[in-house]
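> Chain by chain, the residues:
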Amino acid sequence: MVEKVAPVRRDFDRMDQIPEMVFRVLQMFNFLIILYITLISSHALWGYVHEGTALEFLLRAGRVPPINWIIPIAGLLFFGCLEILLSVECNNHPELVCKLTLEFLVAIGISYVTGFGYTGMVVLLLADIMRYTIDWKKRALYILAVSAFSLLINGNVLQKWIDVIPLDIVWSYYRADHLLRFLGILNILDLINIYVFIFYMVILALSQMSEKERILVLNNELKEANIKLEEYASESARMAETRERNRLAREIHDTLGHSLTGIITGIEACIMLMDIAPEATKEQLRAIAEVARTGIIDVRHSVKALHADALESMDIEDALHKLVDSTTRSTGVEISMNITTDLSHFNQDEGDVIYRVVQESITNAIRHGKATKINISIDRIDGELHIIISDNGVGCSDVKSGFGLHHMKERLDMLGGHLEYTGNLGFTIHAVIPIRWGNEN
Amino acid sequence: MDLTFFKTRRFRVGISVIIALAALLITTGQYRRIRFSKDMVLTVGVFSDNYWGIQNGHANKIIDNAILRFQHEHPDVKVEYESGIMKADYSEWLSEQMMNDTMPDVFFILGGDFSTFAQIGALKDLDNLIKRDPFFDPSAYYKTAYDSGSYAGRQYALPYECAPNMMFVNKTILDREHIAMPARDWTWNDFYEICRKVTKDTEGTGIINQFGTCNYTWNDAFDANGVSLFDEKGRSCDFTVREVGDAIAFLEKLEGLNSGYSVSERDFSQGNVVFQPMLFSEYRAYKSQELSIKKYSDFEWECVTMPAGPSGDNYSRLDTLSIAMSEETSNQEMAWEFMKLLTQDQAIQAEIFDYSDGISVLPSVTQSEETIKQIAEDTGTAFNLDILESAMEKTIIQPRFRGYDNALEEVGIAVRSILDSKSNIQMEQIIWNRTLNNFLKSMQSQNS
Numbered sequence: 353m354v355e356k357v358a359p360v361r362r363d364f365d366r367m368d369q370i371p372e373m374v375f376r377v378l379q380m381f382n383f384l385i386i387l388y389i390t391l392i393s394s395h396a397l398w399g400y401v402h403e404g405t406a407l408e409f410l411l412r413a414g415r416v417p418p419i420n421w422i423i424p425i426a427g428l429l430f431f432g433c434l435e436i437l438l439s440v441e442c443n444n445h446p447e448l449v450c451k452l453t454l455e456f457l458v459a460i461g462i463s464y465v466t467g468f469g470y471t472g473m474v475v476l477l478l479a480d481i482m483r484y485t486i487d488w489k490k491r492a493l494y495i496l497a498v499s500a501f502s503l504l505i506n507g508n509v510l511q512k513w514i515d516v517i518p519l520d521i522v523w524s525y526y527r528a529d530h531l532l533r534f535l536g537i538l539n540i541l542d543l544i545n546i547y548v549f550i551f552y553m554v555i556l557a558l559s560q561m562s563e564k565e566r567i568l569v570l571n572n573e574l575k576e577a578n579i580k581l582e583e584y585a586s587e588s589a590r591m592a593e594t595r596e597r598n599r600l601a602r603e604i605h606d607t608l609g610h611s612l613t614g615i616i617t618g619i620e621a622c623i624m625l626m627d628i629a630p631e632a633t634k635e636q637l638r639a640i641a642e643v644a645r646t647g648i649i650d651v652r653h654s655v656k657a658l659h660a661d662a663l664e665s666m667d668i669e670d671a672l673h674k675l676v677d678s679t680t681r682s683t684g685v686e687i688s689m690n691i692t693t694d695l696s697h698f699n700q701d702e703g704d705v706i707y708r709v710v711q712e713s714i715t716n717a718i719r720h721g722k723a724t725k726i727n728i729s730i731d732r733i734d735g736e737l738h739i740i741i742s743d744n745g746v747g748c749s750d751v752k753s754g755f756g757l758h759h760m761k762e763r764l765d766m767l768g769g770h771l772e773y774t775g776n777l778g779f780t781i782h783a784v785i786p787i788r789w790g791n792e793n
Numbered sequence: 039m040d041l042t043f044f045k046t047r048r049f050r051v052g053i054s055v056i057i058a059l060a061a062l063l064i065t066t067g068q069y070r071r072i073r074f075s076k077d078m079v080l081t082v083g084v085f086s087d088n089y090w091g092i093q094n095g096h097a098n099k100i101i102d103n104a105i106l107r108f109q110h111e112h113p114d115v116k117v118e119y120e121s122g123i124m125k126a127d128y129s130e131w132l133s134e135q136m137m138n139d140t141m142p143d144v145f146f147i148l149g150g151d152f153s154t155f156a157q158i159g160a161l162k163d164l165d166n167l168i169k170r171d172p173f174f175d176p177s178a179y180y181k182t183a184y185d186s187g188s189y190a191g192r193q194y195a196l197p198y199e200c201a202p203n204m205m206f207v208n209k210t211i212l213d214r215e216h217i218a219m220p221a222r223d224w225t226w227n228d229f230y231e232i233c234r235k236v237t238k239d240t241e242g243t244g245i246i247n248q249f250g251t252c253n254y255t256w257n258d259a260f261d262a263n264g265v266s267l268f269d270e271k272g273r274s275c276d277f278t279v280r281e282v283g284d285a286i287a288f289l290e291k292l293e294g295l296n297s298g299y300s301v302s303e304r305d306f307s308q309g310n311v312v313f314q315p316m317l318f319s320e321y322r323a324y325k326s327q328e329l330s331i332k333k334y335s336d337f338e339w340e341c342v343t344m345p346a347g348p349s350g351d352n353y354s355r356l357d358t359l360s361i362a363m364s365e366e367t368s369n370q371e372m373a374w375e376f377m378k379l380l381t382q383d384q385a386i387q388a389e390i391f392d393y394s395d396g397i398s399v400l401p402s403v404t405q406s407e408e409t410i411k412q413i414a415e416d417t418g419t420a421f422n423l424d425i426l427e428s429a430m431e432k433t434i435i436q437p438r439f440r441g442y443d444n445a446l447e448e449v450g451i452a453v454r455s456i457l458d459s460k461s462n463i464q465m466e467q468i469i470w471n472r473t474l475n476n477f478l479k480s481m482q483s484q485n486s
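So the sequence lines, in the order shown, correspond to chains A and B.
Our numbering runs 352 ahead of the 1-based position in the first sequence.
Our numbering runs 38 ahead of the 1-based position in the second sequence.
Treat the hints as calculated values from the structure; they're not laboratory data.
Where hints are given, some of them may not hold.
Stated by the list, open to error - Below, computed lysine-lysine pairings styled on PhoX-like, alpha-carbon distance capped at 20 angstroms:
hint : chain 1 : residue 1 : chain 2 : residue 2
1    : A       : Lys512    : B       : Lys271
2    : B       : Lys479    : B       : Lys460
3    : B       : Lys181    : B       : Lys169
4    : A       : Lys512    : B       : Lys181
What you are looking at is a predicted structure, and each value in this text was computed from that prediction instead of being measured.
Take the sequences, apply the hints, and build the full model.
Written out as structure tokens, the structure is:
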């Protein structure tokens, strides 16, 4: 079982890209240094032949150098090779070790063409290793390996096996002052290379630290959110319970209240009529029975689904007409209804509210206002549905927001609508519901 | 086209390995081994004037004839060389060819350059070719000439032409002073005695104007006394041995005769010096009819073997012009054949006596009747081949190693310093032994 290493991260945000950018700069810099060294070496070798000091050079060098133009080309080939290897991402330790070994060999090649005068490309290998998130023990081993390699190529150890002309002998073609300048530039480049590497390491450490911090903060936030969510869930359950209880109460009031009001009014009429017109009374009682039956059906529905009654099976407009019709028949109150807009587009919940508002208003007008005439108008004005129910009852100068009005308000609030009422001349209720489908179109 | 493959890791690793190998091939020069076409052009590095420094107008004659022979035997091979390179520029020219990667397949190599070029790895190690070739016979050469192509125990070159170091004698002075020609086995004592006798003021001006010897160097003295300073690999030297001390003491004695006057070659050519070591090639050149008036014409002169030291023999050094193969050659087999033709072919080696001043590296050629006749004709004297023969038999060669030339320079400095200090030679030897060994050690560790 091979242990995995996390691959180099690619999903950087802007902050994380800085180490990667510095790494690129480091690579570019090494490229320039190698180009610098190999071009100068190449020119020096050309110069020896050109000035007729080849024999002297060979005596000093002790071996035949490659042809002058080969040196920069080989240097660039080796460097390109190193670049490709650096771009290869490894998934586990054996792969990483293989890659590092290949990189070592290529680095030896680069040292070879630069006459072991430049070994700074080792920092590239180190920088590459640092990009992997490896645990510290393993990372220390890798760092140790790269350092050992660096010592190997710096410490004249490899020269025992690899026959190479030292850079200073190749460059001794130049006059002493020029040579000093060239070597000085090389030293400065070498130093800058190290500085860029240190900068890279610092940036990398900082970015890894800030990443850890960010993860910590995010973790805390997540915990808090979780607690809130739990609280919210229990609250929500409690609220749902309350809402359901309220709805139940509303349903009972709406269905039973309406039916019972009709029945009471009808029975009071029957009591008065019974002696005068027994036939009419009979008729009246039949109507009352009808109301009671509707009531019982409503209750059954409510119990069964806790859901609206007539609406369930029919369209809202028919339901309203049926409501008006049955009320007129059972109570003898004259009700006129004027609907100027198409109500079929309203959803179930909106239909429910419209129906309940009308139903409740009629009930209130008969029960509390003793009205004999009720006017209902339903219109659409500017994307809103306006329901106005007015009666000729006693009205109410000081409206106590009774049970019915309170429920009506609640229902309208849920749809984003509102309710106005006045009890000066009879009683007028004005309900407004925003039309959702109308706005969409 | 689906490009995802080119982004895979496997592809990237593969391509980087290929690039690295390509870079390695071109930096190490191994790419030259990859040959796309079998071009059979053999290039030869030659210099256009005479190795022995005496112009005779036959500069490229032998090589041209050899090329004709070779192309006749191998019609599919073309042999080319660049003419017009002088011996003085030849080493530099070779170095430039090396650095430009245009090294000839086969090239002449000057005696002084051999260890340098062998050291930098420009010469092909011939041991494998020698072992593989049943027709190649190392014993056909003079042994010393053959050994002069060996470096650190391996053979890197074949000898082409050589000349032993010999002692030139001004016979006119000897006759005037009633001294007999030294014998072939003469010693330092004889040498010193003659020198002592002839060193004098002949004109009565109070200034010595006739001398015993010039240019008899520490190298000649060490050789004569059988000193072998360095070990095979050049890691250490033994400068404290008695032979070295004797040689230095002898040099001191010789120099003492001249009362501080530094005798030069000019004195010899003016006829005022009895002995001067010179290469045999010079004897041949100036003894030949057409050049005999140019130099040394005011007196009669002859040559003998070098004098023997008390612990040595009549040893003399051998200067050899060799032929080597480039390490980078792609025509190894043909190059080897051509080298063999130049160095082992009797007819071509015999041409050395026609067109050059050295002697053939093959004893069978040098000792042939025709050669003896030729030399006699050239020099106009009945040349005693025995002297040449005995000189060739007693030629020696020091083991060569990395930095051999630098080491020799250091020894020269040491000897000069001891001679100049006039203090106890043995003490100085011990002090300089330390210095020389340190020098060798630092040089070998630097080179390894």
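> Now look at each hint and say whether the structure bears it out.
Here is how each hint holds up against the structure:
Distance hint between lysine 512 (chain A) and lysine 271 (chain B) is fulfilled; the C-alpha atoms sit about 17 angstroms from each other, no more than 20 angstroms. With a C-alpha separation of about 28 angstroms, the suggested pairing of lysine 479 (chain B) with lysine 460 (chain B) is violated against the 20 angstroms cut-off. Restraint check for lysine 181 (chain B) and lysine 169 (chain B): satisfied, since their Cα atoms lie roughly 17 angstroms apart, inside the 20 angstroms limit. For the proposed pair lysine 512 (chain A) and lysine 181 (chain B), the alpha carbon gap of about 35 angstroms is over 20 angstroms, so the pair is violated.
The structure fails hints 2, 4 (numbered hints given earlier, in ascending order).
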